[in-house]
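Chemist: Sequences and hints are given; from them, build the entire structure.
Listed here are the chains, written in short residue letters.
2 protein chains.
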Amino acid sequence: MKDFKYYAPTWVEFGRNAEEKVGALVKRFGGTRVLLHYGGQSAVRSGLIDRVENSLKEAGIAYVKLGGVVPNPRVSMVRRGIALCKQENIDFLLAVGGGSVIDSCKAISAGRYYQGDVWDLYLRRGEATRFMPLGCVLTIPAAGSEMSDGSVITNEEGNLKKDYGSDEFRCKFAVMNPELTYTLPAWQTACGVTDMMMHTMERYFSKDDDMEVTDAVAEAILRTCMTEGRKVLDHPTDYNSRAQIMWAGSLAHNDLTGCGTSGDWATHCLEHELSGMFDVSHGAGLAAIWGSWARYTRGENMSRFARFAHNVMGVDTSGMSTEEAAEAGIQAMERFYTSIGMPTNLHDLVGRDVTDAEIEEMADKCSDGDTKTVGVLRVLHRADMAAIYRNAR
Amino acid sequence: MKDFKYYAPTWVEFGRNAEEKVGALVKRFGGTRVLLHYGGQSAVRSGLIDRVENSLKEAGIAYVKLGGVVPNPRVSMVRRGIALCKQENIDFLLAVGGGSVIDSCKAISAGRYYQGDVWDLYLRRGEATRFMPLGCVLTIPAAGSEMSDGSVITNEEGNLKKDYGSDEFRCKFAVMNPELTYTLPAWQTACGVTDMMMHTMERYFSKDDDMEVTDAVAEAILRTCMTEGRKVLDHPTDYNSRAQIMWAGSLAHNDLTGCGTSGDWATHCLEHELSGMFDVSHGAGLAAIWGSWARYTRGENMSRFARFAHNVMGVDTSGMSTEEAAEAGIQAMERFYTSIGMPTNLHDLVGRDVTDAEIEEMADKCSDGDTKTVGVLRVLHRADMAAIYRNAR
Numbered sequence: 003m004k005d006f007k008y009y010a011p012t013w014v015e016f017g018r019n020a021e022e023k024v025g026a027l028v029k030r031f032g033g034t035r036v037l038l039h040y041g042g043q044s045a046v047r048s049g050l051i052d053r054v055e056n057s058l059k060e061a062g063i064a065y066v067k068l069g070g071v072v073p074n075p076r077v078s079m080v081r082r083g084i085a086l087c088k089q090e091n092i093d094f095l096l097a098v099g100g101g102s103v104i105d106s107c108k109a110i111s112a113g114r115y116y117q118g119d120v121w122d123l124y125l126r127r128g129e130a131t132r133f134m135p136l137g138c139v140l141t142i143p144a145a146g147s148e149m150s151d152g153s154v155i156t157n158e159e160g161n162l163k164k165d166y167g168s169d170e171f172r173c174k175f176a177v178m179n180p181e182l183t184y185t186l187p188a189w190q191t192a193c194g195v196t197d198m199m200m201h202t203m204e205r206y207f208s209k210d211d212d213m214e215v216t217d218a219v220a221e222a223i224l225r226t227c228m229t230e231g232r233k234v235l236d237h238p239t240d241y242n243s244r245a246q247i248m249w250a251g252s253l254a255h256n257d258l259t260g261c262g263t264s265g266d267w268a269t270h271c272l273e274h275e276l277s278g279m280f281d282v283s284h285g286a287g288l289a290a291i292w293g294s295w296a297r298y299t300r301g302e303n304m305s306r307f308a309r310f311a312h313n314v315m316g317v318d319t320s321g322m323s324t325e326e327a328a329e330a331g332i333q334a335m336e337r338f339y340t341s342i343g344m345p346t347n348l349h350d351l352v353g354r355d356v357t358d359a360e361i362e363e364m365a366d367k368c369s370d371g372d373t374k375t376v377g378v379l380r381v382l383h384r385a386d387m388a389a390i391y392r393n394a395r
Numbered sequence: 003m004k005d006f007k008y009y010a011p012t013w014v015e016f017g018r019n020a021e022e023k024v025g026a027l028v029k030r031f032g033g034t035r036v037l038l039h040y041g042g043q044s045a046v047r048s049g050l051i052d053r054v055e056n057s058l059k060e061a062g063i064a065y066v067k068l069g070g071v072v073p074n075p076r077v078s079m080v081r082r083g084i085a086l087c088k089q090e091n092i093d094f095l096l097a098v099g100g101g102s103v104i105d106s107c108k109a110i111s112a113g114r115y116y117q118g119d120v121w122d123l124y125l126r127r128g129e130a131t132r133f134m135p136l137g138c139v140l141t142i143p144a145a146g147s148e149m150s151d152g153s154v155i156t157n158e159e160g161n162l163k164k165d166y167g168s169d170e171f172r173c174k175f176a177v178m179n180p181e182l183t184y185t186l187p188a189w190q191t192a193c194g195v196t197d198m199m200m201h202t203m204e205r206y207f208s209k210d211d212d213m214e215v216t217d218a219v220a221e222a223i224l225r226t227c228m229t230e231g232r233k234v235l236d237h238p239t240d241y242n243s244r245a246q247i248m249w250a251g252s253l254a255h256n257d258l259t260g261c262g263t264s265g266d267w268a269t270h271c272l273e274h275e276l277s278g279m280f281d282v283s284h285g286a287g288l289a290a291i292w293g294s295w296a297r298y299t300r301g302e303n304m305s306r307f308a309r310f311a312h313n314v315m316g317v318d319t320s321g322m323s324t325e326e327a328a329e330a331g332i333q334a335m336e337r338f339y340t341s342i343g344m345p346t347n348l349h350d351l352v353g354r355d356v357t358d359a360e361i362e363e364m365a366d367k368c369s370d371g372d373t374k375t376v377g378v379l380r381v382l383h384r385a386d387m388a389a390i391y392r393n394a395r
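Same order as they appear, the protein sequences are chains A and S. For the first sequence, the working numbering begins at 3 and goes up steadily by one. For the second sequence, the working numbering begins at 3 and goes up steadily by one.
Each statement offered as a hint is correct.
Capping the alpha-carbon separation at 25 Å, the derived lysine-lysine pairs in DSS-like fashion look like this:
| hint | chain 1 | residue 1 | chain 2 | residue 2 |
| --- | --- | --- | --- | --- |
| 1 | S | LYS233 | A | LYS4 |
| 2 | S | LYS4 | A | LYS23 |
| 3 | S | LYS7 | A | LYS23 |
| 4 | A | LYS209 | A | LYS4 |
Taking CB as the label site, the calculated pair distances span:
| hint | chain 1 | residue 1 | chain 2 | residue 2 | range |
| --- | --- | --- | --- | --- | --- |
| 5 | S | LYS209 | A | PHE31 | 26 to 36 Å |
| 6 | A | LYS374 | S | GLU60 | 32 to 42 Å |
| 7 | A | SER48 | S | ASP212 | 21 to 31 Å |
| 8 | S | PHE31 | A | ASP318 | 48 to 58 Å |
Bear in mind the hints are in silico, worked out from the structure with no lab data behind them. All values derive from a computational prediction rather than experimental measurement. The beta-carbon is built from N, C-alpha and C at its ideal position, and this holds for glycine as well.
Modeler: What follows is the structure, given as structure tokens:
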């Protein structure tokens with residue numbers, strides 16, 4: 003097993019009406035003037051923003067609102083947030099929403115005290131040394147950003163999607179009320195389940211076969227995602243299933259499932275180009291490309307894919323060769339994706355055939371013009387990326 | 003499921019030579035003058051204290067040493083530590099050892115700024131409002147104190163063992179190098195495995211049957227403890243198995259396995275009287291009393307014990323009644339304890355018959371003279387406690 007660092011300092015308040023504690027939590031973590039950052043009108047219409055405002059007022063916290071964050075959050079909004087924080091002397095960022103809003107807050111956090119333009123950080127042309135603290139009220143279980151150290155931002159100019167990470171990005175607190183997710187449409191719920199499963203699988207499919215406790219926990223989370231994911235699609239207002247999914251999404255991406263393993267993350271990288279080019283949901287893109295990635299790379303650690311088939315997918319692998327078991331596990335995973343309405347190939351994802359030119363462009367972007375590789379289990383060069391996209395058509 | 007708070011902010015540095023980072027970690031968390039607190043001479047003889055001192059010196063951290071913490075750490079040592087902190091203007095506590103040393107540090111942390119005597123805190127006659135920060139280099143995986151919010155201290159006068167807890171007790175960092183545990187004797191290793199399993203089981207055997215993700219994670223940790231616990235007893239210097247046990251011990255007690263459940267903790271309470279009266283190891287005491295507790299309380303949630311039998315102990319429960327499955331699971335657990343050298347009754351624990359008078363005295367202390375109950379799954383009064391002790395003879 004590999005040496006590791008584990009750091010998940012986020013204070014989680016989980017349960018019904020948890021959002022009423024947000025004012026007290028901001029106070030506990032030293033906030034006095036808050037930027038209340040959110041997305042579209044659904045959080046306003048549902049009354050959630052009102053309840054959050056009331057909680058802030060009761061705690062004597064001043065705040066300024068900035069709504070309008072869109073999926074694949076944009077650097078232009080981040081720049082507006084930074085300007086507002088300077089203008090209003092904001093000292094705490096509060097995200098009310100899903101991964102996009104939280105990631106937008108994280109970018110504001112890093113950019114607030116950075117001397118240059120915040121996008122330079124995402125281009126790795128600079129480093130942030132001072133951050134603003136942030137917290138969140140989570141409304142979409144998927145991205146795991148509420149406990150993670152990462153942030154993904156899109157630059158509209160050039161359609162570039164880049165990530166930046168820091169332990170300072172970890173939310174001081176995360177408020178999670180499963181009831182807030184009752185109204186999530188089935189498609190978005192399924193995309194979320196896929197995303198959190200992939201956060202676990204990116205860490206699980208490693209070359210390191212010897213971290214039993216981490217693997218066992220990862221398998222437990224994956225099985226829960228499938229069982230409860232199916233339930234919640236049938237019963238969208240089932241509190242317990244919504245709760246399982248919500249908490250599983252945080253555990254999937256707070257590094258617990260990666261302690262002692264080396265994450266791969268190639269599927270995420272390949273997908274970022276898909277959602278960049280076709281504006282598809284991240285979760286759906288992951289489901290569409292994973293099977294192709296798995297078949298392309300499994301030879302590097304066939305027994306791990308066989309273990310996955312048995313321990314996670316519940317395949318009876320007795321009598322199968324390791325390769326047969328691995329393939330059976332991949333097929334079972336694809337059947338699960340299909341059962342929750344996710345695509346398992348690019349045609350179903352995009353709604354038409356993806357062209358050779360598009361594949362070459364994505365491989366080019368993903369490899370930064372053939373200058374970098376992705377993946378750890380199997381190191382993928384530009385040509386490998388193109389092959390995985392092609393095999394997924 | 004119950005609402006919950008989850009807060010596990012400890013920075014974990016895990017791996018070979020991790021202790022060399024301790025100076026940098028103290029610095030990261032603001033320490034400048036350290037109390038280096040440890041137990042007996044083994045940490046000195048092994049060279050660990052030297053390596054820790056070197057790391058502190060390299061980071062420019064001043065320190066004062068205070069060794070001599072004993073198992074079931076004593077309030078007299080805590081008082082010495084508090085006096086030393088005042089005298090030397092200490093601003094950070096560093097525990098090098100197992101749960102006893104860490105718990106002693108926690109008590110010093112709470113007592114340093116408390117106006118009265120520190121023992122009053124453990125008697126619930128006062129409340130600490132300011133704490134000193136602490137970190138640890140863990141050498142014994144068992145108590146889970148490296149990530150927990152609790153501390154247990156013994157007052158030699160009257161042989162009283164009491165606990166006190168606070169989120170401020172959570173270590174800022176925990177350094178974990180599995181190699182440091184190679185020399186742990188088999189008995190102490192087995193006691194540790196028992197203790198961490200019981201930390202999980204105290205949370206698992208609840209009335210709440212609906213926290214699937216927590217249950218699945220708890221079951222994964224329990225299975226790992228058994229598999230890797232057996233391995234490590236056969237191969238004490240197997241790095242990977244020592245690593246699994248070490249990390250499992252932290253996960254078992256950082257509240258991860260209790261998210262959404264109501265912990266019971268009766269077995270721990272009953273055991274505290276055993277180790278108080280007979281000076282036995284905490285882990286061994288837990289193993290000796292658990293079966294009796296389980297049979298006394300299982301009727302409150304028989305199906306959970308049956309699930310435990312199947313999912314954790316691997317019992318083929320098909321064709322069994324729920325009660326038969328529950329009993330089979332308890333027996334399987336006792337067989338595991340026996341297989342790692344743990345006692346499963348009081349006679350084997352103490353080495354002689356425990357007398358009626360002793361049982362009555364323990365029940366009396368555990369119930370504070372019949373004024374309080376313990377347990378949640380089944381609420382235990384003084385008479386119940388005495389019955390559980392008697393049934394365990």
